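**Student:** Residue numbers (the UniProt record's numbering), protein chains in the order written: chain W, 1 to 360; chain X, 1 to 360.
Among the hints, erroneous ones may be present.
Ranges between beta-carbon positions, derived for each pair [claimed, not checked]:
(1) W:A263 with X:R206: 29 to 39 angstroms
(2) W:V32 with X:D278: 35 to 45 angstroms
(3) W:R266 with X:R206: 47 to 57 angstroms
(4) W:P79 with X:P79: 33 to 43 angstroms
(5) X:R206 with W:V235: 14 to 24 angstroms
(6) X:R206 with W:G90: 34 to 44 angstroms
(7) W:E134 with X:P79: 34 to 44 angstroms
(8) X:D136 with W:V235: 37 to 47 angstroms
(9) X:I274 with W:R346: 52 to 62 angstroms
(10) X:G90 with W:D136: 54 to 64 angstroms
(11) W:R266 with X:Y264: 37 to 47 angstroms
(12) W:A263 with X:Y264: 43 to 53 angstroms
(13) W:A81 with X:I274: 33 to 43 angstroms
Simulated from the structure, these hints should not be mistaken for lab results.
Bear in mind that the values here come from a model prediction, so they are computed numbers and not experimental data.
C-beta atoms are modelled at their ideal positions from N, C-alpha and C, and glycine is treated no differently.
In case you want the letters, here they are:
Protein chains: 2
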Amino acid sequence: MTVRNTSLDLTTDVVALTRALVDIPSESGEEVRLVDAVEAALAALPHLTVERVGNSVVARTDLGHPERVVIAGHLDTVPAAGNLPSRLDGDLLYGLGACDMKGGVSVALRLAATLPAPAARDITYVFYECEEVEGDRNGLGRIAAERPELLDADLAILMEPSDAGVEAGCQGVLMADITVRGERAHTARAWMGVNAAHRAGAVLQRLADHTPARVVIDGLEYREGLNAVAVRSGVAGNVVPDECVITINSRFAPSRSPEEAEAYVRDLFPEYDIDVTDVVQGALPGLGQDAVASLVDVLGVVPRPKLGWTDVARFAALGVPALNYGPGDPVLAHTAGEYVPVAQLRVCEERLRGWLAVSP
Amino acid sequence: MTVRNTSLDLTTDVVALTRALVDIPSESGEEVRLVDAVEAALAALPHLTVERVGNSVVARTDLGHPERVVIAGHLDTVPAAGNLPSRLDGDLLYGLGACDMKGGVSVALRLAATLPAPAARDITYVFYECEEVEGDRNGLGRIAAERPELLDADLAILMEPSDAGVEAGCQGVLMADITVRGERAHTARAWMGVNAAHRAGAVLQRLADHTPARVVIDGLEYREGLNAVAVRSGVAGNVVPDECVITINSRFAPSRSPEEAEAYVRDLFPEYDIDVTDVVQGALPGLGQDAVASLVDVLGVVPRPKLGWTDVARFAALGVPALNYGPGDPVLAHTAGEYVPVAQLRVCEERLRGWLAVSP
Numbered sequence: 001m002t003v004r005n006t007s008l009d010l011t012t013d014v015v016a017l018t019r020a021l022v023d024i025p026s027e028s029g030e031e032v033r034l035v036d037a038v039e040a041a042l043a044a045l046p047h048l049t050v051e052r053v054g055n056s057v058v059a060r061t062d063l064g065h066p067e068r069v070v071i072a073g074h075l076d077t078v079p080a081a082g083n084l085p086s087r088l089d090g091d092l093l094y095g096l097g098a099c100d101m102k103g104g105v106s107v108a109l110r111l112a113a114t115l116p117a118p119a120a121r122d123i124t125y126v127f128y129e130c131e132e133v134e135g136d137r138n139g140l141g142r143i144a145a146e147r148p149e150l151l152d153a154d155l156a157i158l159m160e161p162s163d164a165g166v167e168a169g170c171q172g173v174l175m176a177d178i179t180v181r182g183e184r185a186h187t188a189r190a191w192m193g194v195n196a197a198h199r200a201g202a203v204l205q206r207l208a209d210h211t212p213a214r215v216v217i218d219g220l221e222y223r224e225g226l227n228a229v230a231v232r233s234g235v236a237g238n239v240v241p242d243e244c245v246i247t248i249n250s251r252f253a254p255s256r257s258p259e260e261a262e263a264y265v266r267d268l269f270p271e272y273d274i275d276v277t278d279v280v281q282g283a284l285p286g287l288g289q290d291a292v293a294s295l296v297d298v299l300g301v302v303p304r305p306k307l308g309w310t311d312v313a314r315f316a317a318l319g320v321p322a323l324n325y326g327p328g329d330p331v332l333a334h335t336a337g338e339y340v341p342v343a344q345l346r347v348c349e350e351r352l353r354g355w356l357a358v359s360p
Numbered sequence: 001m002t003v004r005n006t007s008l009d010l011t012t013d014v015v016a017l018t019r020a021l022v023d024i025p026s027e028s029g030e031e032v033r034l035v036d037a038v039e040a041a042l043a044a045l046p047h048l049t050v051e052r053v054g055n056s057v058v059a060r061t062d063l064g065h066p067e068r069v070v071i072a073g074h075l076d077t078v079p080a081a082g083n084l085p086s087r088l089d090g091d092l093l094y095g096l097g098a099c100d101m102k103g104g105v106s107v108a109l110r111l112a113a114t115l116p117a118p119a120a121r122d123i124t125y126v127f128y129e130c131e132e133v134e135g136d137r138n139g140l141g142r143i144a145a146e147r148p149e150l151l152d153a154d155l156a157i158l159m160e161p162s163d164a165g166v167e168a169g170c171q172g173v174l175m176a177d178i179t180v181r182g183e184r185a186h187t188a189r190a191w192m193g194v195n196a197a198h199r200a201g202a203v204l205q206r207l208a209d210h211t212p213a214r215v216v217i218d219g220l221e222y223r224e225g226l227n228a229v230a231v232r233s234g235v236a237g238n239v240v241p242d243e244c245v246i247t248i249n250s251r252f253a254p255s256r257s258p259e260e261a262e263a264y265v266r267d268l269f270p271e272y273d274i275d276v277t278d279v280v281q282g283a284l285p286g287l288g289q290d291a292v293a294s295l296v297d298v299l300g301v302v303p304r305p306k307l308g309w310t311d312v313a314r315f316a317a318l319g320v321p322a323l324n325y326g327p328g329d330p331v332l333a334h335t336a337g338e339y340v341p342v343a344q345l346r347v348c349e350e351r352l353r354g355w356l357a358v359s360p
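So that you can see chain W by itself, here it is in the shape it has in the complex (with noise of 0.2 angstroms):
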């Protein structure tokens, strides 16, 4: 691909601006050149003021309000899938991150260049690092760890592609191998052991009979899952195996702490061994509170339950409410033929800056 730039200009119109940050590639853990060009801009604006947090930036202003609101998206992407450089087509703007989620950043470097004096609430605009990758990499995370203050709130809006309607809170996600054990023997002598994979087919059969539970919360309903996303068997051709593991990928609604997730898998299947290999909690919706309750109104969108995991839940765990609200189907995110909408990314732009911009 040709890099047309490595300076970015915020005054552009924002599909313009889209399309340089789509052409300055950064793939997880490549992202210094888009991060330096993004942290020079910002430091150009004498209204904010800005840090850096290893290859993620935080810019602030700092005018007093009493209430502040975190506008943040991460500046990574997934590898190339020949999908670069961008490519506008009619209304369509296509490329590698465009919808995940270039588009929402360009909003959000649109609204920090151009709202000097936002009206009733200061912003922290934050852009990070790593969040396509393992989570102890993501740049929001470092940041939630190193200098939590930095991402102090009464509500944060994470620019994640949401079809540019409000997707609120998320679910938790668990992770967990169930090992199912048997004893060894040559098939020929089969009864002499016990055939793991066999005893296997109970837990799948319970999995395929379970119901998920569906939670409605603040009116939204976060519809469970629990999976299994693996299965791995097998000695050799001609032996019976000793060990069956099943890896199960539960999701949980927001109302369910980390151990409640993991007991209900234990509950469900007491008699194997289970090992809970990865846990994260969701994020409650929070549509009760004043702050959320006000954006989605100026939005003038239905909140929609948000069923995948995203980092809206480490705001929540921070205390700090959160959204996804940004322009992009979600179904695209990580195909080669993503793209955002033009008028997506224009309406999005347009609604934060009217919530902005106008005194409650």
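Please arrange chain X on chain W, whose structure you already have, making use of the hints.
**Tutor:** Below, chain X without anything else, positioned relative to chain W:
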């Protein structure tokens, strides 16, 4: 390890000869040094006509007897596992291939060297390559395909370890992949897909519930088996898998044809895709045949059914009754600690010599 010689002294006793064979490494495909040594030792015996087919050796007496018996063994071993050189510990001879099957080969070589004029039957000795690997490399199979007349006989004795007992016939083996299909979805919206791993629970449960048949032939009970030997499913940690492949291993009685064995599996799982990847027929025990009955009588052992598949089936396919008779516990085959009892080496040599040296 230390190689102590590359020529073989067939006049030494069976224990020393077994140790010499063990101490010439001959992993499958790497047998040439051992094959050369065996060929040279046999070619030095004036009463034998020796031919080489690939890395297999065939040596025959030709006294004009009305009957002929094949005595066969493979020269290759599985890979070494820290079990070289050979080691004598009391009455047990340890080392790679001691059990499977250089002990049996040693007995056969001793008979070849010391029975210049068998009383009632001509003898064809077959020492072959690549038994421990894919069937299409098997040296006995190559002889059967290229020089089937070399295997013509009234009876074949395969000197595979059988604890110095007679293991008659062998069961057939069928390998098949059962593919259970579903539809991918993100685990946060699992209801939009169909979990193939969950559906596979019914297949595994059916295998768990299945009771294999016991088929009695010539008074021997062949206990069949039907086992999942591998289960593979999984796309990614957050994806409902759209496929689960279960590899099954069927052991079927020698009275069933491969076609019957395949139909049996298809009838058991009519609703799934089944890909039969390999099927080999078994071998009937043939205890009613004169040649077999006479040998069993002389050996003074009660025949047992052979439940695993062995190369006896290659003889059966040529119309030659065949059985397994050799020193060593078959359960020790392919183990790092394999050994052969000295007493079994001696009893196998003595009984076979007794049978071959005396007119019926």
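**Student:** Please go over all the hints and tell whether each is borne out by the structure.
**Tutor:** Consistency of the hints with the structure:
1. W:A263 with X:R206: 29 to 39 angstroms: Check passed, 32 angstroms falls within 29 to 39 angstroms.
2. W:V32 with X:D278: 35 to 45 angstroms: violated (53 angstroms)
3. W:R266 with X:R206: 47 to 57 angstroms: Violated: the Cβ-Cβ distance is about 27 angstroms, outside 47 to 57 angstroms.
4. W:P79 with X:P79: 33 to 43 angstroms: holds (39 angstroms)
5. X:R206 with W:V235: 14 to 24 angstroms: For X:R206 and W:V235 the Cβ distance comes to about 21 angstroms; the hint holds.
6. X:R206 with W:G90: 34 to 44 angstroms: With a Cβ separation near 53 angstroms, X:R206 and W:G90 fall outside 34 to 44 angstroms, so the hint is violated.
7. W:E134 with X:P79: 34 to 44 angstroms: holds (37 angstroms)
8. X:D136 with W:V235: 37 to 47 angstroms: Since the Cβ atoms of X:D136 and W:V235 sit about 23 angstroms apart, the hinted range of 37 to 47 angstroms is violated.
9. X:I274 with W:R346: 52 to 62 angstroms: For X:I274 and W:R346 the Cβ distance comes to about 55 angstroms; the hint holds.
10. X:G90 with W:D136: 54 to 64 angstroms: holds (57 angstroms)
11. W:R266 with X:Y264: 37 to 47 angstroms: holds (40 angstroms)
12. W:A263 with X:Y264: 43 to 53 angstroms: At roughly 44 angstroms between Cβ atoms, X:Y264 and W:A263 fall inside 43 to 53 angstroms, so the hint holds.
13. W:A81 with X:I274: 33 to 43 angstroms: holds (35 angstroms)
In the structure shown, a violation is registered for the earlier hints numbered 2, 3, 6 and 8, in ascending order.
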